[in-house]
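Engineer: Chains as they are written, first to last, in this note's numbering: chain F, 1 to 101; chain D, 1 to 328; chain U, 1 to 251.
These are calculated hints, taken from the structure and not from any lab test.
For every residue, glycine included, the Cβ atom is placed at its ideal position computed from N, Cα and C.
Some hints here could point you the wrong way.
What the hints assert, rightly or not - Here are a few chain U residues that face chain D, going by a calculated C-beta distance under 10 Å:
{"hint": "1", "residue": "Phe17"}
{"hint": "2", "residue": "Leu47"}
{"hint": "3", "residue": "Gly48"}
{"hint": "4", "residue": "Leu56"}
{"hint": "5", "residue": "Gly62"}
{"hint": "6", "residue": "Leu65"}
{"hint": "7", "residue": "Tyr132"}
{"hint": "8", "residue": "Gln138"}
{"hint": "9", "residue": "Glu191"}
{"hint": "10", "residue": "Leu235"}
{"hint": "11", "residue": "Trp251"}
What the hints assert, rightly or not - Below, computed lysine to any residue pairings styled on SDA-like, alpha-carbon distance capped at 25 Å:
{"hint": "12", "chain 1": "D", "residue 1": "Lys177", "chain 2": "F", "residue 2": "Gln61"}
{"hint": "13", "chain 1": "D", "residue 1": "Lys230", "chain 2": "D", "residue 2": "Gln161"}
{"hint": "14", "chain 1": "U", "residue 1": "Lys125", "chain 2": "F", "residue 2": "Leu31"}
{"hint": "15", "chain 1": "D", "residue 1": "Lys177", "chain 2": "F", "residue 2": "Glu5"}
{"hint": "16", "chain 1": "D", "residue 1": "Lys176", "chain 2": "F", "residue 2": "Asp26"}
{"hint": "17", "chain 1": "D", "residue 1": "Lys176", "chain 2": "F", "residue 2": "Arg46"}
{"hint": "18", "chain 1": "D", "residue 1": "Lys115", "chain 2": "F", "residue 2": "Arg46"}
{"hint": "19", "chain 1": "U", "residue 1": "Lys125", "chain 2": "D", "residue 2": "Leu90"}
{"hint": "20", "chain 1": "D", "residue 1": "Lys43", "chain 2": "F", "residue 2": "Gln61"}
{"hint": "21", "chain 1": "D", "residue 1": "Lys273", "chain 2": "F", "residue 2": "Ile55"}
{"hint": "22", "chain 1": "D", "residue 1": "Lys177", "chain 2": "F", "residue 2": "Phe7"}
{"hint": "23", "chain 1": "D", "residue 1": "Lys115", "chain 2": "F", "residue 2": "Val50"}
{"hint": "24", "chain 1": "D", "residue 1": "Lys43", "chain 2": "F", "residue 2": "Pro15"}
{"hint": "25", "chain 1": "D", "residue 1": "Lys176", "chain 2": "D", "residue 2": "Asp78"}
{"hint": "26", "chain 1": "D", "residue 1": "Lys115", "chain 2": "U", "residue 2": "Ile29"}
{"hint": "27", "chain 1": "D", "residue 1": "Lys43", "chain 2": "F", "residue 2": "Pro3"}
{"hint": "28", "chain 1": "D", "residue 1": "Lys115", "chain 2": "F", "residue 2": "Pro15"}
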Amino acid sequence: MEPYEVFRQEREGEPMRHGGSVVAPDPTLALHYARELYARRGESLRLWVVRRADIVELDDQDLLNPPLDRSFKKPGGYVMREKLAQARVRTGQSKRSAGPG
Amino acid sequence: MTDPLALDPVLPEGERSRLPFNRDRPHDERYRAFEEHVLAGGKVEAGDWMPEEYRTSVLRFVEMHANSELMGVLPERDWIMRAPTLRRKLALTAKIQDEVGHAQLLYRVAEDLGKTREAMIEDLLAGRTKFHNVFHYPTRTWADIGVIAWLVDAAAIVAQQALRDSSYAPYARTMKKICWEESVHIMHGRDVVVTLAAGTPEQRAMVQEALDRWWPPLMQMHGPRSDRDKDRDLHWRIKAKTSEELRQEFLGIYVPRIRELGLSLPDPELRLKPESGAWLYTEPDWAELRSVVTGHGPASAARIGFRREQRDATSWVRATILGPAAAA
Amino acid sequence: MNGAGLELLYALADDDFVLGFADSEWTGIAPHLEEDVAMSSLAQDELGHASAYYGLLAERTGGELNRIAYDRPADAFRHSRLVDHGRGDWARTMTRRWLYDTANAVRLEALADSSDRPLADLAVKVRREETYHLLHGQAWVERLGGYNGEPRRRLIEALELVGPDASSVLAALPSEAVLVADGILPVPSAELLERWTGRVAPILAGLDLVLPPPGAAALDPLTARSGHGPAFQALWAEFNSVRGLDRAATW
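Pulled out of the complex, with its shape left as it was, chain F reads as follows (with noise of 0.2 Å):
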């Protein structure tokens, strides 16, 4: 017997997500456990199952979220105000050009 992680996804789209954990001796009954505690009221359109034992796990946050600077990969990285007034003032536009890129 051993813990089988469940995900399960609630509206088609969506992205699998964490529901819980069963325990069962194969993923035969793993998986019908699943259906059980998390989806006999219809709520789950589809079930996995998976051995937790399987599981890779990564939490450690110098590797998530490391120190140092890394602005250049994320759109709030990118402040144009200032440059963007001065094109305009430059071009003798008064209004601004709507979206991000």
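Please arrange chains D and U on chain F, whose structure you already have, making use of the hints.
Structural biologist: Showing chains D and U alone in chain F's frame:
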């Protein structure tokens, strides 16, 4: 020891946790950082570092809750076979199934904190851990089923909704699922009570009698008033409301709903103080509560005995196919 | 609808009703919490199916669902001998369920072509729900049979006890001739029994087991669904204990 339906002030010193609520002890930085995180509303997952005190508190809290779901099945089980219509039988079976399901969810949360299911059940059967007072009482008539499904569940839900934001995230997530599932039970219970209250004189008398019997344990259910500052489970944000807050909430919603059916409540002091919006009531018998949850309730021994019998009758399955090292 | 059709409906309904009742006793006390929830669903499904059949009966006789289901003396119930047994231990429950569900599947597949259209439609729906039951049942029989020691021993014991009565599910009803002639039962019972044996025998053979031969009482139309034992008598008393207080009241 505190539990979801707070008992801490009532239990004698020796029964409280061996780990004192250690405000006055020197702590390392890690403990402080953890405490700050939790007090600021931060969440904790199963694999995170946590102070032993926090782990112990959460485990006890969740274990008590799990035990209560498991024992809560027993008063109602007998009536599955006696349900008077197909629809009632299906509704009752589904409700009890949900309770077993909730026990599974809660024992899973506790297992991931390091205690095995077998150990928890053994502690329960040995009386080392506890379950809610209401499940130590016998059920005598079909009307009891309505009262339990409606009002006992309502009182539990009031407590459970306040737990959906618990600092211990696996528990909080479980509570959200449980609350969602519980909303149907209350309707089934209320329907049984409403039907009986509107039925024959014998049915009305049956439900009034059941209500008279269940009201005192219901009033005790949330536990005595506790001191906010001394409540460790509140400190660690495992729970968010005090016993009295929960009891007031329960009374506020359900007393009017009971009375509108033409049913009376057996407490002459029960009334709403208009100025404060608080409910006044006869002080529940806390000595009775303590006696009951320590295993001296009218049905405590029978229920524990039954659980033990059933566990033993199926132990051959857990020793083999559903065992620790089963070959498929 | 003629008497033959009603007789068939009662057989279908009572089988699911009594099995659902017996198995719902596991709620709260199954070997394992996850299995408890699963078992409860299976029992509820049987009761739901029974309700559907009683619903058809109610329409056709002008009766009311619960009166038809409950308000009969014990010997008026027409469930099969297989289902008359008490639930026993976990092995007996799993074995009996599997024998019943496999036979029921054969029956329902045939009824999908029934000349009784409403019954045919219902049979299709029920059969689809039964797939889930068959998966569970077979999983357990295989695990019990494949585990040397107590699980296998208990499976064998269960087979010996309920196996001889398993054929009662598909045994001919007294009105078989009319049912087949009218197309209500599109396939004669003898053939249904063969189909069923053809499905369960290989699975048991794979476990080095054989299905016990049918008892005479299980095959005889006059005894396959009557002569109920103490287990059912006790069940009947329980499910009438509240309703019996006042059958005219609304519960």
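Engineer: Compare the structure with each hint and give your call.
Structural biologist: Hint check:
1. For U/Phe17, the suggested interface contact is upheld, since its CB lies about 8 Å from the closest CB of chain D, less than 10 Å.
2. At a threshold of 10 Å, the smallest CB-CB gap from U/Leu47 to chain D is about 6 Å, leaving the interface hint in force.
3. The restraint placing U/Gly48 at the interface with chain D holds, with a minimum CB-CB distance near 7 Å, inside the 10 Å limit.
4. Taking 10 Å as the C-beta cut-off, the interface hint given for U/Leu56 is violated, the closest approach to chain D being about 14 Å.
5. Because the smallest distance between the Cβ of U/Gly62 and any Cβ of chain D comes to about 18 Å, over 10 Å, the interface hint for this residue is violated.
6. Hint status for U/Leu65 relative to chain D: holds, with the closest Cβ pair at about 7 Å, below 10 Å.
7. Evaluation of the U/Tyr132 hint against chain D yields a violated restraint, the C-beta minimum of about 15 Å exceeding 10 Å.
8. The closest approach between the C-beta of U/Gln138 and any C-beta of chain D is roughly 14 Å, which is over the 10 Å cut-off, so the hint fails.
9. At a threshold of 10 Å, the smallest CB-CB gap from U/Glu191 to chain D is about 33 Å, leaving the interface hint violated.
10. For the restraint placing U/Leu235 at the interface with chain D, the shortest Cβ-Cβ distance is roughly 7 Å, inside the 10 Å limit, so the hint holds.
11. With a least beta-carbon distance of about 4 Å to chain D, the hint placing U/Trp251 at the interface is held under the 10 Å criterion.
12. A hinted pair counts as satisfied when its Cα atoms are at most 25 Å apart, and D/Lys177 with F/Gln61 does not qualify at roughly 29 Å.
13. Between D/Lys230 and D/Gln161 the CA atoms are separated by roughly 22 Å; this keeps the pair inside 25 Å, and the hint holds.
14. The suggested pairing of U/Lys125 with F/Leu31 holds, with an alpha-carbon distance near 22 Å, which does not exceed 25 Å.
15. The straight-line distance between the Cα atoms of D/Lys177 and F/Glu5 is roughly 16 Å, inside the 25 Å bound, and the hint therefore holds.
16. Between D/Lys176 and F/Asp26, the direct Cα distance comes to roughly 28 Å. Violation of the 25 Å bound is thereby established for this hinted pair.
17. In summary, the hint linking D/Lys176 to F/Arg46 is supported, as the alpha carbons are separated by about 20 Å, within the 25 Å threshold.
18. The suggested pairing of D/Lys115 with F/Arg46 is violated, with an alpha-carbon distance near 31 Å, which exceeds 25 Å.
19. Of the supplied pair hints, the one linking U/Lys125 and D/Leu90 holds, its CA atoms being roughly 19 Å apart against a limit of 25 Å.
20. Pair hint D/Lys43 plus F/Gln61 holds up; C-alpha atoms about 16 Å apart against a cutoff of 25 Å.
21. A distance of roughly 57 Å separates the Cα atoms of D/Lys273 and F/Ile55; the hinted pair therefore is violated under the 25 Å criterion.
22. With a C-alpha separation of about 14 Å, the suggested pair D/Lys177 and F/Phe7 falls inside the 25 Å cut-off, and the hint holds.
23. This hinted pair checks out: D/Lys115 and F/Val50 have alpha carbons roughly 22 Å apart, not beyond 25 Å.
24. Restraint check: the Cα-Cα separation between D/Lys43 and F/Pro15 comes to about 23 Å, which is no more than 25 Å; the hinted pair holds.
25. Our distance criterion of 25 Å between C-alpha atoms is broken by D/Lys176 and D/Asp78, whose separation comes to about 29 Å.
26. Our distance criterion of 25 Å between C-alpha atoms is met by D/Lys115 and U/Ile29, whose separation comes to about 21 Å.
27. Simply put, D/Lys43 and F/Pro3 have alpha-carbon atoms about 23 Å apart, close enough for the 25 Å limit, and the pair holds.
28. Taking the CA atoms of D/Lys115 and F/Pro15, the gap is about 32 Å. The hint is violated against a cut of 25 Å.
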